[in-house]
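Novice: Now for the letters of each chain:
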Amino acid sequence: MNIEHERYLQANNKEFNSIFVYPNNTIKTSKYSVFNFLPLNLFEQFQRLANAYFLILLFLQLIPQISSLTWYTTMTPLMVVLSITAVKDAIDDLKRHQSDDRVNNLPVLLLVNGKMKEDKWMNVQVGDIIKLENNQPVTADILLLSSSEPYSLTYIETADLDGETNLKVKQAISVTSDMEDHLELLSAFNGEVRCEAPNNKLDRFSGILTYKGKNYFLDHDKLLLRGCIIRNTDWCYGLVIYTGPDTKLMQNSGKSTFKRTQIDHLMNVLVLWIFLGLGIICFVLAVGHGIWQNKKGYHFQIFLPWEKYVSSSAVSAILIFWSYFIILNTMVPISLYVSVEIIRLGNSLYINWDRKMFYAPRNTPAQARTTTLNEELGQVKYVFSDKTGTLTQNIMIFNKCSINGKLYGDTYDKDGQRVTVSEKEKVDFSYNKLADPKFSFYDKTLVEAVKKGDHWVHLFFRSLSLCHTVMSEEKVEGMLVYQAQSPDEGALVTAARNFGFVFRSRTSETVILVEMGKTRVYQLLTILDFNNVRKRMSVIVRTPEDRIMLFCKGADTIICELLHPSCSSLCDVTMEHLDDYASEGLRTLMVAYRELDEAFFQDWSKRHNEACLSLENRESRLSSIYEEVEKDLMLLGVTAIEDKLQDGVPETIIILNKAKIRLWVLTGDKQETAVNIAYSCNLFEDEMDEVFIVEGRDDETIRKELRTARNKMKPESLLDSDPINIYLTTKPKLPFEIPEEVANGNYGLIINGYSLAYALEGNLELELLRTACMCKGVICCRMTPLQKAQVVELMKRYKKVVTLAIGDGANDVSMIKAAHIGVGISGQEGVQAMLNSDFAFSQFQYLQRLLLVHGRWSYNRMCKFLSYFFYKNFTFTLVHFWYAFFNGFSAQTVYETWFITCYNLVYTSLPVLGMSLFDQIVLKTTYWTMISHVIIWGSLGFYFCMSFLLYSDGLCLAFPDVFQFLGVVRNALNQPQMLLSIILSVVLCMLPVIGYQFLKPLFWPISVDKVFDRIQECRRLPRQSPVRTKLKHSSTRRSAYAFSHKHGFGALITSGQTMKSRMSKKNTLFSKR
Amino acid sequence: MIRVRPPFPSPFYPPPLSPPLVPPSSPSSLSPSLWRLQPTYASCPRPLAEECPASSALQRRRLWRWPWWRRRRRRQRRSSGSCQGQPAGPLGGPPASGGAVPRGSMAMNYNAKDEVDGGPPCAPGGTAKTRRPDNTAFKQQRLPAWQPILTAGTVLPIFFIIGLIFIPIGIGIFVTSNNIREIEGNVFMYYGLSNFYQNHRRYVKSRDDSQLNGDSSALLNPSKECEPYRRNEDKPIAPCGAIANSMFNDTLELFLIGNDSYPVPIALKKKGIAWWTDKNVKFRNPPGGDSLEERFKGTTKPVNWLKPVYMLDSDPDNNGFINEDFIVWMRTAALPTFRKLYRLIERKSDLHPTLPAGRYSLNITYNYPVHYFDGRKRMILSTISWMGGKNPFLGIAYIAVGSISFLLGVVLLVINHKYRNSSNTADITI
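Taken in sequence, the protein lines are chains D and Y.
The first sequence lines up with residues 1 to 1073 when you count with this note's numbering.
The second sequence lines up with residues 1 to 430 when you count with this note's numbering.
Calculated from the structure, these hints are not laboratory results.
Predicted model only: the values in this text are computed from it and were never measured.
Idealized CB from N, CA, C, for every residue including glycine.
It is possible that part of the hints are untrue.
[What the hints assert, rightly or not] Have a look at the derived ranges for each label pair, beta carbon to beta carbon:
(1) Ile291/D <-> Leu351/Y: 52 to 60 Å
(2) Pro976/D <-> His417/Y: 54 to 62 Å
(3) Leu220/Y <-> Phe886/D: 34 to 42 Å
(4) Ala137/Y <-> Val21/D: 58 to 66 Å
(5) Phe874/D <-> Phe338/Y: 41 to 49 Å
(6) Ser206/D <-> Ala137/Y: 57 to 65 Å
(7) Asp722/D <-> Val411/Y: 44 to 52 Å
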């Protein structure tokens, strides 16, 4: 088997492509086939410890010398358990088969011998040319050749792939797009493609198309991936590159990491202990048997002679060991795993069904995507939260701006007092027919400035409406819909639109604005796109007046350094405004411009083109080229965008805090923004004793900062006599655990990503952990996705606590995967996070219900279930141990075989399950629903019915050897002693339990009891309504702008160099019907 | 499908203040104050239970404090449907006619704030399918429940009542058991064996129930479980197995030594000592021939037996497998010291005691060896009451449990009285 290093294929050349034996486009997600289902499934099931154990038992029982129970006592439960699991697996797999079949048999138009022929998806081969139509899913990973749209653009929706619902644009290279839909040309197309081997990187593709002797560079903008859906494009043709299992979609559907809960672990440990206990008990009994055999059995041979193979009592004892091993098998709970799965499934369904976690505006109920982690929810100690989109709505609202040193956005009444939002009057935008009616702004002075024709204000808004990568859609005349890469951009362009600088449409070379009602066409010369390092973007346009202008927007820290010295005084004024905005928690952005000299631009443009075409170091060359032109900028102003908190976030955080659940905010955002949000969502409070900031740039500084913080919080933790320090000096082996340390007050910690990179290494990570864990709230900013995961891992490694990570974006995926429990917010940023999460819902506030209600209930139910389950099995089994002392340790059972067979599976399973599905622990009482009653009394009744059936004349006479206890029930229940004994035993068993339950809250109260008492107290003495917590924080803090972490459309927009014959279409570009 | 509730007022409990169904954000023709909290809520620490998930169950508790009519409304509100997009109808309008009104009318009472999600529950236009989970008691975990609450008011009475019931029952049982005199009424004669392991596993399974049930193939080919008492001298043993082989075969005879020196034999009844089901259903002689001997043809007697199974008794109704001594023996004892019913001594008349006072002699025909394994034999004579033979245990147990319960009740009462008010809830804030 040689590994594919490079893919080589030729269009329309089946013979050539068949050399490489590429797979066809069939996908197979199913696991079993009809023939291998039974062996494969059984093999998988017997890998479970308990199942394997019972298989061994079954074999032991077949040995007559030691068989103390008939084979069916083990066989029946084992069969039932195996078949339940097998049926479940079979149904799952059947569904997968069906969906595979459905997908494989979808029709697709295939180019065969110059004609389009309908074929099935699975028959598509590498090198085929296929035609896709509007709203069709993409069949395989194909290279876009041509499409119905101008410039061979093709719009796709990638919701299935990355969950983002905004449209993306792909574009064919010019040489192939010329073929359009001419079938003869397409059939004659014999381009050769060399590209990378199949991989799972969704955003990467590189290859070279060789056609008519020329090489063309291919990147992922030309590749349509399987799983996307064609939108707004009548047709497109594509060359199949990757098929079936090679497609990026299938390559990505790898095995997800399997998370196990601590209960899982506990269960395994328990089962092992039980094994050990079982072995000891069997050994004791075997010894007992040996002694008995010597003392009594030997003499009793007159009535019960020894078997021939038993030469001495020792041999007999060895056999008895195994006999007891069989008898006591009910100690090892065979139905444990199945029951646990059922309970978890039930509790997961409750989460899915919970109306209190349903978010109506987005019509999304909560979703338990993993059904195995429920009880872990109840043990969460640390919550790691993303900020953007999780704590905040990621809805940006253009709130304020400062243009040329003048503040706009605040409204004041006559007395000069700031007016609150509810009293404000919206600005009337009726002068602008293209205004967005949803946009609201309150400061009339800005509109007046626009109407007056203030040069700077106009330039400011012109800049906002030109410098972006937003796409516009105009389905109905005048109804513009913007497709923005980041919500910040959308907010800015929308703001400009409302003030009269409407971005109407764009082509690859022009941007059409409607400026105060007049349509103006700007020539788009270059887009200097955004990326994380540059933190800015610029456009260079040629105005209708034939001036070349560069407009730039970006983070203030970056732009300030690029400004022309002449605007330093303006810059100072603007910086003050920036501080004001920051203190209000607004996201800010600086806008600047520069007029370019024609000659300079031509020269620069030439070098820019060269850099664009270079294959090596393209990125770095481009960015240095960009820097050449982005300098000596003239400051225009600052925008301020409000990042709205999600509903109920502060309240949720307060409650989580009360539940002693610590919240750490891990964000990629700037420190100031993050701190602002932390205050506004109650993670930090003004009353906090101190907030430590760690921002050192080297090991020593960071260590000092961390130690100073700890010295404040708990001075004794730095002494050598501190138990943890002593413990650490002994250099314990991993894994060790750091115990909880309590600080002497309320503290907060802020650490940025740069320092964190150091702090996460070596000895410092323990310092960091100990300091951070003493704080009430921790904020880590400027985090990379990897660092987020590292922080979670750090916590998991040294603190044996359950962690939960909650986030909404692709940058949170790593931490969601790393944490014990990952929660995805199905929010604005797509569903990448959700797809990798264990639980998903759409509002941060539902975390409260998930953890404190569902988590707590699940945990309690699971714990009660385990106790109950082991209790019932132990009581049932250990009777045999007791009885052994009366029957000569001969492995005689107390119960008859059918009772043993049915006990676990039929008689006692439902009450246990019922309790673990319906119990609610908020009150300290047991919670008996109708269903509980039905189950408990039903099981009891069922037991008696079964007994009468099993001991009935008919059955016993039909199989006298199997059912030996004819008439026993009738005769036994006839006796009053029997009934009296039953009553006595029940009462005797209940009395201590009731007594203990009664005394417990008095002498050994747990928090639930205290809460219960407290509730009663509250009911007696009504309290005044709680004081509203202050949400807004007034002290001055800095904030900053943050772009979303994505590349813009820039390259795509400017690369449309192909001129098409259908010029008429040009005008309607980006405004498809 | 979106079900839209008809805007009828509740026919049963026209609410004094009817909350509108629209969410707070929507404009409402009603005064906002109408859907604010009702006074009864105000005593709770939180304004609304739904704001705090954990408190949903607390809220259930709170029901107790509500006036009954409000309690009913509350429950109805919970059961109301999935979509509340319709504005409320006229306030307190005339009740519609009884049962014809759909349950949906209860939606009227739906407090808009019950929904956390705030926004309009129905998509505008109502075309999109809502994925809002069903509002059923089961799915929302609000099944009606009985909650046994262990407070002083419930626990202490239980203890006292148990004590008060159990002690008399125990005394009754104890007295009944003790009053059993050995000589009145029908007297039962038992033989007892000690140190005899009839409950040994290999012993217990060493039998063939098919054979004992009269199965002719099992008669001639007994089960392997009977080894080593399966075949003897190439003939199948009937009845096979260790149990049958070790059957107790001493003969006990009881004589009354009266004033005259001739001992008078007491009539011992052999029949009626086994369970009816055993005698008539479980044990059957094999079919075939006229005489019992013929039916057992081809089999041989168990090794230890003196005579074959068809010669156990002269009475054909008590011979072969349905011999009651045999049946009694075949029902193996659970403990190594046991007694088995041997004979019945029936009361002859009401005037004379069954066994009058006097000297008796017991004649034992000694066939059954027990000294090998240090066994003991006993003979017991007893009458039985409605609750079996003389056995003080159950009575004592009842008295003991009853007393303990009563005592515990007293102790708990004292403890409760002493510690009730020292609640330690200071560190709990709600």
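Novice: Hints first: check each against the structure and report whether it holds.
Specialist: Consistency of the hints with the structure:
{"no.": "1", "hint": "Ile291/D <-> Leu351/Y: 52 to 60 Å", "verdict": "57 Å, holds"}
{"no.": "2", "hint": "Pro976/D <-> His417/Y: 54 to 62 Å", "verdict": "39 Å, violated"}
{"no.": "3", "hint": "Leu220/Y <-> Phe886/D: 34 to 42 Å", "verdict": "36 Å, holds"}
{"no.": "4", "hint": "Ala137/Y <-> Val21/D: 58 to 66 Å", "verdict": "60 Å, holds"}
{"no.": "5", "hint": "Phe874/D <-> Phe338/Y: 41 to 49 Å", "verdict": "29 Å, violated"}
{"no.": "6", "hint": "Ser206/D <-> Ala137/Y: 57 to 65 Å", "verdict": "58 Å, holds"}
{"no.": "7", "hint": "Asp722/D <-> Val411/Y: 44 to 52 Å", "verdict": "46 Å, holds"}
Hints 2 and 5 from the list above are not met by this structure, while the remaining hints are.
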